[in-house]
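Trainee: These are the residues of each chain, in order.
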Amino acid sequence: MSALGLVGGVVQPLLVVAGSPVLVGVMRQVRARLEGRAGAGIGQSWRDLRKLFGKESIAPRGTSEVFRFAPLVLVATTVVVAIVVPFVTTESALDPVADLFAVVALLALGTVALALAGLDTGTAFGGMGASREMTIIALVEPTLLVAIFALSVRVGSTNLAAIVSSTLHDPARVISPVSLLAAVALIIVIVAETGRLPVDNPSTHLELTMVHEAMVLEYAGPDLALVELASAMRLTVFLGLLANLFVPWGIATSASPLALLGGVVAVAVKVTLLGAMLAVGEVFLAKVRLFRVPELVAGSFLLALLAVAASFFLA
Amino acid sequence: MLRLWRKIRGTGRVAEPAPPPPAADRPDAAVGLRGSVQVRHVDAGSCNGCEVEIGSAFGPVYDAERYGARLVASPRHADALMVTGPVTRNMAEPLRRTYDAVPGPKVVVAVGDCARNCGVFAGAYGVAGAVHDVIPVDLEIVGCPPRPEAITEALRKLTGR
Amino acid sequence: MNPTGVGLGVAVAVGVLAAVAAVVAPQRMRTAVVGVGTAACGVAGMAAGICALSGTTFSLSLPSLLPLAGVMVTVDALGGVFLAITGAVAVAAGVYGIGYARQGGNGRLVQAVAPLFVVAMLLVVSAASVGTFLVCWELMALCSLLLVVTEHQRRPHVAEAGRWYAVMTHLGLVAILIGLLVLTANASTDSFPALREAGQHLPPTVAAVVFVLTLAGFGSKAGILPLHAWLPRAHPEAPSHVSALMSAAMVNLGVYGIVRVGLDLLGGGPRWWWLLVLTLGAVSAIYGILQAAMSTDLKRLLGYSTTENMGLVLVGVGAAGMFAAGGDRVLAGLALAAALLHVVNHAAFKTLLFLAAGSVLHGTGSRDLDALGGLRARMPATTAAFGLGALAASALPPGTAFVSEWLLLQALIHGLPASGVATAIAMPLSVAAVALTAGLAVATFVKAFGVGFLARPRSDAAQNATESPATMLAGMGIAGAACVGLALFPTLVLPVIGSVASQVVGSASPALADAVTVRLVGVAGSLSPLMLTIALVVAIVLVIGVLRAVASRRARRAARLWDCGAGPLSARMEYTATSFAEPLQRVFDNVLQPETDVDVTHARESSYLVEAVEYRRRVPDRIERRLYQPILTLIGAWGRAGRRLATGSVHRYLGYGFYTVCGLLILLVVTR
Chain A
1 MSALGLVGGV VQPLLVVAGS PVLVGVMRQV RARLEGRAGA GIGQSWRDLR
51 KLFGKESIAP RGTSEVFRFA PLVLVATTVV VAIVVPFVTT ESALDPVADL
101 FAVVALLALG TVALALAGLD TGTAFGGMGA SREMTIIALV EPTLLVAIFA
151 LSVRVGSTNL AAIVSSTLHD PARVISPVSL LAAVALIIVI VAETGRLPVD
201 NPSTHLELTM VHEAMVLEYA GPDLALVELA SAMRLTVFLG LLANLFVPWG
251 IATSASPLAL LGGVVAVAVK VTLLGAMLAV GEVFLAKVRL FRVPELVAGS
301 FLLALLAVAA SFFLA
Chain B
1001 MLRLWRKIRG TGRVAEPAPP PPAADRPDAA VGLRGSVQVR HVDAGSCNGC
1051 EVEIGSAFGP VYDAERYGAR LVASPRHADA LMVTGPVTRN MAEPLRRTYD
1101 AVPGPKVVVA VGDCARNCGV FAGAYGVAGA VHDVIPVDLE IVGCPPRPEA
1151 ITEALRKLTG R
Chain C
2001 MNPTGVGLGV AVAVGVLAAV AAVVAPQRMR TAVVGVGTAA CGVAGMAAGI
2051 CALSGTTFSL SLPSLLPLAG VMVTVDALGG VFLAITGAVA VAAGVYGIGY
2101 ARQGGNGRLV QAVAPLFVVA MLLVVSAASV GTFLVCWELM ALCSLLLVVT
2151 EHQRRPHVAE AGRWYAVMTH LGLVAILIGL LVLTANASTD SFPALREAGQ
2201 HLPPTVAAVV FVLTLAGFGS KAGILPLHAW LPRAHPEAPS HVSALMSAAM
2251 VNLGVYGIVR VGLDLLGGGP RWWWLLVLTL GAVSAIYGIL QAAMSTDLKR
2301 LLGYSTTENM GLVLVGVGAA GMFAAGGDRV LAGLALAAAL LHVVNHAAFK
2351 TLLFLAAGSV LHGTGSRDLD ALGGLRARMP ATTAAFGLGA LAASALPPGT
2401 AFVSEWLLLQ ALIHGLPASG VATAIAMPLS VAAVALTAGL AVATFVKAFG
2451 VGFLARPRSD AAQNATESPA TMLAGMGIAG AACVGLALFP TLVLPVIGSV
2501 ASQVVGSASP ALADAVTVRL VGVAGSLSPL MLTIALVVAI VLVIGVLRAV
2551 ASRRARRAAR LWDCGAGPLS ARMEYTATSF AEPLQRVFDN VLQPETDVDV
2601 THARESSYLV EAVEYRRRVP DRIERRLYQP ILTLIGAWGR AGRRLATGSV
2651 HRYLGYGFYT VCGLLILLVV TR
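Protein chains in written order, with the numbering used here: chain A, 1 to 315; chain B, 1001 to 1161; chain C, 2001 to 2672.
Bound-form chain A, shown alone (with noise of 0.2 Å):
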């Protein structure tokens, strides 16, 4: 474990943390504007969470354990991928941790506990939304999985720390075709994880079209304060990883100050352009019914697919 490992896995789970509600704040506040509303600020998310914080928690009756440790698992397990990920520095605080395929593991962990805490509460809503959000994910991880395939083929590693480095040596790849088909097939892919429209409206208040927020109807709460900050951590985690294994520059490449000043900026910089970028995609977009959501899933797998022969046809 190296000094700028260490620093990394410090740094990065705390920038995660501090600024996903901001990123969240900021993401309301573009589709506020451009829907010709003032919008509450960027610190808003902020505001919300610390009055969640400071309310009562509640225990519906009938529900088990698991329904109290799912938010924690679900911080939990993003956490770990905020240390692990390469966002502002290059190695990594736990290097045999930071595989593609690990991360994209724990993130599914943390879906599949929120899920579970859906069925565990019995109510019509909890189960449709673990229902929904289970067909998602089973959709949703093979896209992943063969997206990232593409991207570990000519690094010959799914090592996160070897592929950025081995873009930041290479600049030419980015724009090949693996990597474009490859990052649109993430892009989808993303959205759809991270329930944003057209898959899921993060924003709904129709019980019927819900997914994530079905799950979580009956928390309330520091409980409910970490399904949200949780939710927002992994909307920052994979716009970070789209970001860094398209357009690593700026990242940390020695422990300096200056470098991990420039790595932190560059990070915030890039995942605040995506989100907003993605709130103004939002705006355009109406949300697809739900069982229109694997065909928009089944194309982004094609297009990962493709990416995958492109980098063996054309290597």
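Hint data in this document are derived by calculation from the structure and do not stem from the laboratory.
Glycine included, every Cβ here is placed at the ideal spot set by N, Cα and C.
Some clues are possibly wrong.
Claimed, not checked - Facing chain B, according to a computed beta carbon distance under 7 Å, are these residues of chain A, among others: (1) Leu34; (2) Gly36; (3) Arg61; (4) Leu168; (5) Leu217.
Said to hold, decoys possible - Anything over 12 Å on all C-beta distances counts as not near chain C; from chain A, calculated: (6) Pro171; (7) Gly250; (8) Val293.
Once you've looked at the hints, dock chains B and C against the given chain A.
Mentor: Chains B and C alone, transformed into the frame defined by chain A:
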């Protein structure tokens, strides 16, 4: 797509400039909320006039969201209940249950004259009473229906912004 | 004294003794004697396997024990892996069986067969000649068949499952028999070393015939498509500890057979063999998990999941064969190591899952997920066991299958640049197949655990569930400990498995491991499940700590479930397993082709008023319907046609005899 973009560009900002923050009489329970209030709306038997006005208050023109208020789907996520209409017999128990489902600290806002004192429905056979007969009310909004400005002002009292 | 030989000898002796004891022991002691005997037999078998793995091979030849060929036994490293797995499964199943068999199925015959089944399985992997192998194989098939039909008097389905199993396992035996005899015909004796030598210079067509025939036979035992039809019938109907033995130990022997014959005796072979294996594996994996995702019967779900996992294993075996055929020994070793590790892991979690499912059946009398739910309150230990097994089966960290699937994907990913267009097309598609399987497995096991054990009870049976006796919990505990150990410390197992795999394909060991990290040799790749788990635990503790510091200190308030204010939610409002799987069923509509009928009964007064709506949905096994139904119909028609010949008249039958003899005589005259 391009047409929508032109529309967005052409419309610009429609939110009216924020009036000065309301003075005083902030409910005690709202102090702990610190700039963020999630609202669950309960229609206890209203004629839907108040609903239309609540809709406008959260629309782009009055934009109650800019003060930190937001409508949510579950009382578990809420800090405030906005109750409209006289409480009908069938809605008295559900209203009590909804109130119980909200985690503390919580506030209840009675929106409109019907919610305050049953309005024109007072004494009707299907009406169980005003909102304060069923659950404790912290804030009342006058009007039949109340203007969106009044609703927004009440929400600002809750958020303190 | 050779410790491997002693272990195997003790295992066989104890097993046979336990079988004898089952016949003579009084009824109330019978299950205990047999359970302890089976477990002891398993311990001895496991010890023999571990000794073989540590390098002590064992050979024995008893020429006079069987007529014609005699008995030859050899325990090498490859056999040792399967010996150890079978033994370990037998330990858990034996201990569990003590409590489980009490409530029925403690008849003399059934109890005597269980330890014999274990002994037969141990001998199959130790056999070193075709004669010995086939005798043990048939013994194993017969024992398992007797165990499957244990409860045939209680449920009519059991007999049907037994018939399917009997027919298919024997057709498989015939295929293996012909295949191995063709191979033996080209060798000096029927011993494996002689076959290995003959395999080197066999004409390609003969070798292909041998391989395809044995693949069909062994594939059917492993539950590979399209010969899987017996598996989802037989596994649910057998007593649960027998299901565990079959699903976690017996199906592995199909894989053993394919590796032994294909890679060892025939020494590899052309690429298309392994492409065939890979394709069959990938298709089985996806089809198996899709059917599992649709299943509402807990044990049927687990049975289909076995097909899925054996499919994944065959993907690894097929990839290993392809790499070996292409000359890339390092990757071949890696792929085979991944396959073998998955066999080990699958054995661990499938034992646990079947034992837990048996405990549910024991406690509630039902295995229908739509009628279960809420078991966590009444059966906490079983719930924990099934949860652990579900985590292990869904290939999520820190679960057991995660490590082996990671290894499999590493082998496939690094295989792409290796060589040839065939690999370039096969590898991405198999990664996609493995990935789709992993995704669907997550959904399947969330369904099984979330619907079956969490939420609120959906029937009186689930409401009044009782926790199982201590011996059953102990059996689950053993399997659970194995799962946890394999999940956290694959570093202990992998080097051993890696060296076995490298011996089979003739390469250097593909994986190294220090205390915490698995590192691949020859290609870049490392993973540390232990570090990952510790990081996860530390993160959870950290989050709890921060939460304590910043969150309100108010006590958690108990409140009623949010029912939209409309009064208590009934169990009928909950999502069931069927409704949980419905979106997935819609997505895979074209593959699954579910049957739905909606019957609307109108009121008598007016057809505008609806009195009742009845909705039925069934997801039949499509391959079974398309492939087996026509054959069964044909056989039925043939039988009916033949009935005209058999009228019951003795004169007629004598006439048949007379004509046949005459015909033969004429034939003789003509040909001579």
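Trainee: For every hint, state whether the structure bears it out.
Mentor: Going down the list of hints, with the structure as the test:
Interface hint at leucine 34 of chain A: satisfied, since its Cβ lies 6 Å from the closest Cβ of chain B, which is below the 7 Å cut-off. Here the hint on glycine 36 of chain A is kept, as its CB sits about 4 Å from the closest CB of chain B, short of 7 Å. Interface hint status for arginine 61 of chain A: violated, as the beta-carbon distance to the closest one in chain B is roughly 12 Å, over 7 Å. Taking 7 Å as the C-beta cut-off, the interface hint given for leucine 168 of chain A is violated, the closest approach to chain B being about 35 Å.
The interface hint given for leucine 217 of chain A holds, since its Cβ lies 4 Å from the closest Cβ of chain B, which is under the 7 Å cut-off. For proline 171 of chain A, the requirement that its beta carbon stay farther than 12 Å from each beta carbon of chain C is met, with the minimum near 21 Å. The claim that glycine 250 of chain A lies off the interface holds: its Cβ sits roughly 25 Å from the closest Cβ of chain C, which is beyond the 12 Å cut-off. Non-interface status of valine 293 of chain A relative to chain C is broken: a Cβ of that chain comes within 12 Å, the nearest being about 9 Å off.
Checked against the numbered hints listed earlier, the structure breaks hints 3, 4, 8; every other hint is satisfied.
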